Structure formats: C-alpha cells, structure tokens
Amino acid sequence: MSKLNPKKSPLIEMKGVTKEYTPRKQFFSKSQNKVLALNSIDLSIEKGEIFGLVGQSGSGKTTTGRLLVRLEAPTSGSIYLNGSPINRLKGASLKAYRSKVQMIFQDPYQSLNPHLSISDTILEPLVVHGIGNASAQREKVLHTLEIVGLTPSNDFYDRYPHQLSGGQRQRVAVARAIVLDPDFIVADEPTSMLDATIAIQLFKLLTDIRKKFDMTFLFITHNLAAANYLCDKIAVIHEGHIVEVNTTDKIIHHPEHPYTKKLIQVQPGFNFGGRRG
Amino acid sequence: MALLSIKNLTIGYQTKEGILKAVDDISFELEKGRPLGFVGESGCGKTTLGMTLMGLLPDNARILGGSIGFQNKDLTQLNEDQWRKVRGKEIAMIFQAAMNALNPVMRVDEQVIEAIVTHQPEISPNDLENRINELFDLVEIPRARMKDFPHEYSGGMKQRVIIAMALACNPKLIIADEPTTALDVIVQDQILKEIKIIQQAMDTGLIFISHDIAVVASVCEDICVMYGGQIVETGTKQEVFASPRHPYTKALLGSYLSLDNQASVIIPDMREAPDLTLKSGSCRFAVNCKRCSRACKIGIPHWANISKTHRVLCCDETITGKTNE
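As given, the protein sequences belong to chains A and B, one line each in that order.
Take the first sequence: its letters are residues 76 to 352, numbered as in the working numbering.
Take the second sequence: its letters are residues 3 to 327, numbered as in the working numbering.
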C-alpha cells in the first residue's frame, strides 16, 4: 500500500478535529455546558513513525486515540488513513478499517477477558475477520506469541490471564493488537500500570516490532521521559489544543511553548552523577 | 533513641499454597524528623509494611515474628483497642488512592473534623475551628472550599485533604504510601514539595513508600530498596543511587528513564516474580540475578557494611567486599 503513495505522505492525518461531549441534561439546568475535549486539532503521522502524544490527565489525549480507532466519531473535522477519509465508514468498510487500526489499552488487568485463554484472546481478531483456517490460525497465534516474547509459546497457548504477571498480560495485549498485521497501532499509556523494570522491556518490544514490521504507532503518555525514549516525534496537548509538535530532540532540548517548558521542568529526575548498572 | 525501630519483622499471608512471606526478616530504624524512603516494585512488600505500621493488616495476614518498637511500646503486641489510640494520633497515613480515600457523602471539612474529634473528644468548638483553618491553610486549600463535597475537588486537592487529615493530630510518624501515583506530573510536583515542607516544619518521622525512584529521591534522605519482601540495600540517597551495590538496585536504576539518559538505559532481563514461599534468609533475587552463582542458591546472603550508613544484602563477595570501590 505504501508503494502507491509518494514517500512523504502521512499514514494517518487529522484535520481540524473537534470533539464535544454533552453532559446529561439536568432537570433544572438553564444552559447546556458542552465539554470541549478536543478543539480543532491537526496531526499527521508518517508511516513507520512512533508518534508521541503527551499531556496531563484531562487534556484530550485518550479522546484522540479513541477517535483514531473509531471507537468514537468526531463532532467536526476529518480523519484520513492513507489519504482516504474514515468519517463515513460503515459496515464492511468500517470492519476493514478496524483490521488495519488496533489499540493497546492502559490497564492489562482490565483489558483482557478473564474467561478467555491466551490463545482465544489472540485468535479472536483472526476469527472475527475470517483469516485463515483453524490450523493456520493456530500457527499464526504461536508465531505472534514468539514475537512478543512469550516463549515457549506452546506453554502460554492454553494459559489464562490470571496465571500471568502484569508485564506478561500487556505482552498478550500487544500480541492481540499485532496479530492482524495492522498498519497503525494506538498505544494508550501501555506501561503506566507496570514497574520500571518491566516497562522498559515493553518499550524494547514495541521498538523491535516497529523495526521488524515497519508498523506505525501513536504512543499516548503523560510521561515525557518515556516519550523521549520511544518516539520520533512528539505532540504536546493541553486542554484540547495541540500546543507544540516537533521532533523529539527539539521538544526536549529546545521547547518553545511555555506549557512544554513547564512539563519538562516538573519531570521528576535525579542525578547523582554515579555510574548506572 | 530512635523514633521507630523494627527488628526482624516477618509478616506472612495464609494462602492455599502455604504461607507467603510478604515481609521477610526486615530491620531498620527511623530517627525523629527523618524521611525514610522505601522503593521496590509491586509485590515487594512495601505496602504490607505500611499497613503493619498502621495495624491495618487484612485477616489472612499474620505477624510471624519480630518487633516494632515505637515510643517504648511494641506495636506487634497491641490489641485493637490499643491500636485505636495509636492509629491516626501517633502514627498517621497518607493513602494511595486520593480518588477513593474520601467519603463521597460527607463534606470535606467534616471529614477532617472527624479525624480530630476522634482523638480529642474534649476539644472546644473554638479550638476546633482554629485547628481546621490552620490545617487547610497548611495544605493551601482556600477556606471558601472547605464545605465542598469531595467530587467538587480535583485529584490534587483531594490528596491535600488526605494530607490534612493525616496531620490533624500532630502525629509523630507519617506513612505515605504512593501518595502521588494517581496524579499527573505537574500536580505530583506540587504535592511532593508540600509533603517535604510540612515534614520539615512539623519535624515528624516520615516513611515514604513508592515504586518511583525519582519521587523517593526528591523527598527522602535515606533509602531502603526492597525486593521480594526483603530490604536488599539501604543507605543515604547519595550512596544508594550514585554507587548502588546490589544487582537489583542496579537493574532498577538502570531501567529508569529520565529526559537525558536514554543512551545509558539498560534493559534488564527480569522475567520471574520472586518466590515468596522460600525459607527465610535465602536470596529472593537469585531467579533474576545475572551474577547468580551456585553459591548464591545454597548460601544465605549476609549484610555487608559498605560504609557507616550504606549496607547491602548479598552472597557475592565482589559485591559485598569493601575492596571494590
């Protein structure tokens, strides 16, 4: 698909996307206070990029992710995948879109169905989209388990989520996201529930997958240091506005917007000048 | 004399697989007015330790041995009535989840009043009002907002109320268990600064529990690193973070991301969770340790003094030996 496009064309593009939430009508309320979660944002993500979206809680970063996988529709503005708009997708074409765009959720303790075994969890997308016969699907699941580092894969195949640690669960969530070979993955705070030693291993996994399959990621986080480690480009979002977009290096070392500067300044850090590791 | 002195404390959870030692033979002392930080990953026993100091262990947990010396008392021997006099008054806790720690159907000031009146039933209405105002000023919540309900507060303000409740009776020891984990960085920065200022102003002892080494480093002077229920390394923050000795401390520091270190980040190869059913004293980190030798699996790690304050628990001579640095 990428061959059809000129080299610099974005894989995902958001143009003037606005999302409003209307609170439930109260009996005696006079006016409707609409909540503007996203205020006319523009984003473009190129193929093979890991794009970071950094902001505080309530800034609209999760809403952006949910719009991109079409869990919600924008109030106005449009979103394009490979140049074609996704706003009006319905039925079969929406289903096809969903096979190309996947999501990794924040909390691996809640995003996996406890009644489904690991194999069933990863099989489900293949079954839903009718890809391959039973034995091909089994092969694909085993292969995917190996990619995400759950080895020996036969051993994990029949286990259930409660038998896995948080880090292993999140690897299952990654496996479920990549099993359809999607073009684009939205990772919404994938490591905020994990310990530092486990989180860094998951980052390594994501960069390996990007290298191997040339996949494109939107990495949503509140942790600027994690975005710095993982991303090629960073957008800083504040109260529904994108205040700054630039390469990671420029954002971290030459921030322009006062809010970006503030984020960098409050980033917890310690420096004792000692040797590490 | 130390404010708090814990000796050989072991706490176990009764499970189907036998007794899990969530806290295994730990000893430390805390001086009055000193902040002491506990770092470690989830499941390392740091919250169990905090709950023990508040007398709030769940039913299936038992203190299997050791003592907790606090103001000439051994806290492990107290019954529930005696605990009620200590909890909140002498030892107070700043809880983890600010979102859930407040009662949603009580006004905020009433919740703080409750904390005071429980321990000082004879306080006069005037004194009570002064004290409340003083507390809300201390945590910088405007007086106009005192009569709000918790849902009208932001996450940071709720956490401030929790801090005010903890300070209500001028406790001698405050336990802060992941007080900023649910908050985002900007609010976290404010709350941490506040905790530090208040701790110094009131000269209380502070036990600060977190999984985030940078957060602990910003508040505490002394650090204990925990793994699998054991304290594996302890010292001043300079000693522990600038020249770590224990392989786990190194893995923890090496995997920490900050804005200027991505080139030096070391990806640890830690897969297995520590086995908490092992007999006391054996090395819990052996399953994940790169330096683990056969001697480690049979032998029992021992404490080695690197300096007067810096101590490490390990079997490996090259780690415990003083010659290496």
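Everything labelled a hint here was simulated from the structure, so no lab data went into it.
Accuracy of the hints is not assured; some may be wrong.
As the list claims (entries may be wrong) - Only pairs whose alpha carbons sit at most 20 angstroms apart, straight line, appear in this in silico DMTMM-like list of lysine to aspartate or glutamate:
1. A:279 x B:129
2. A:279 x B:271
3. A:337 x B:191
4. A:170 x A:214
5. A:122 x A:289
None of these values were measured; they are calculated from a predicted model.
Going down the list of hints, with the structure as the test:
no.	hint	verdict
1	A:279 x B:129	violated (58 angstroms)
2	A:279 x B:271	holds (11 angstroms)
3	A:337 x B:191	holds (11 angstroms)
4	A:170 x A:214	violated (24 angstroms)
5	A:122 x A:289	holds (8 angstroms)
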